[in-house]
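Peer 1: Sequence:
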Amino acid sequence: MENNLKILLAENNDFGQSCMRMLNSYGYSTVLVDKDGAQVLTGLRFEKPDVVIMDAFMLHVDALGVMKQIKDMSDIKKPVIVILSSVDNPHFENEIISSGADYYFLKPVDVEILAQRISQSGLTMEQYMQFSGTTVEK
Numbered sequence: 022m023e024n025n026l027k028i029l030l031a032e033n034n035d036f037g038q039s040c041m042r043m044l045n046s047y048g049y050s051t052v053l054v055d056k057d058g059a060q061v062l063t064g065l066r067f068e069k070p071d072v073v074i075m076d077a078f079m080l081h082v083d084a085l086g087v088m089k090q091i092k093d094m095s096d097i098k099k100p101v102i103v104i105l106s107s108v109d110n111p112h113f114e115n116e117i118i119s120s121g122a123d124y125y126f127l128k129p130v131d132v133e134i135l136a137q138r139i140s141q142s143g144l145t146m147e148q149y150m151q152f153s154g155t156t157v158e159k
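Residue numbers for the sequence shown follow our numbering, beginning at 22 and rising by one.
Hints listed in this document are in silico derivations from the structure and should not be mistaken for laboratory results. Glycine included, every Cβ here is placed at the ideal spot set by N, Cα and C. Worth double-checking, as some hints may not be accurate.
Unchecked claim - Only pairs whose alpha carbons sit at most 30 Å apart, straight line, appear in this in silico BS3-like list of lysine-lysine:
#	residue 1	residue 2
1	99	89
2	89	56
3	56	92
What the hints assert, rightly or not - Cβ-Cβ distance ranges computed for the label pairs, FRET-style:
#	residue 1	residue 2	range
4	34	138	16 to 22 Å
5	69	118	22 to 28 Å
6	93	137	30 to 36 Å
7	141	42	28 to 34 Å
8	116	81	16 to 22 Å
Make the full structure from the sequences, and use the hints.
Peer 2: In structure tokens:
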């Protein structure tokens, strides 16, 4: 199944490798960066991903800081944002979602379920382009 969505995953470790293999099996192109908000921001500019998966708490810039900076980036389309966290607190989850995240997953995350949720979101490349206001050339 090939759908050409690019995913930026900020988990360059064993979990990230496992997650990348699962996401790739769903037809996604996955780019790994360290669990570092500064690297996520750099990856956003250079990789231009359709989906970003990151932890709530990272080195240099946390997920809230990354999402704040994404709002200020006029040169990129807003990606679908998936936050992973071990914080099971409804107030924190609400803050994350209201700051721009599309999904919030509690750790430990079942990698297959994460891939299925992205797939079940019905987000094909063409739909994403329409969602982001970009046109699709055929």
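Peer 1: Confirm or reject each hint.
Peer 2: Each hint tested on the structure:
Distance check on the hinted pair: residue 99 and residue 89 sit about 11 Å apart at the alpha-carbon level, within 30 Å; holds. For a cut-off of 30 Å, the pair hint linking residue 89 to residue 56 stands: about 17 Å separates their Cα positions. Pair hint residue 56 plus residue 92 holds up; C-alpha atoms about 20 Å apart against a cutoff of 30 Å. For residue 34 and residue 138, the Cβ-Cβ distance of about 21 Å falls inside the hinted range of 16 to 22 Å, so the restraint holds.
Roughly 24 Å separates the CB atoms of residue 69 and residue 118, a value that falls within the hinted 22 to 28 Å. Our hint of 30 to 36 Å for residue 93 and residue 137 holds, since their Cβ atoms are close to 32 Å apart. In this structure, residue 141 and residue 42 break the distance hint of 28 to 34 Å, their C-beta atoms being roughly 19 Å apart. For the hinted restraint 16 to 22 Å between residue 116 and residue 81, the CB-CB distance of approximately 20 Å keeps it satisfied.
Of the numbered hints listed earlier, the single one contradicted by the structure is hint 7.
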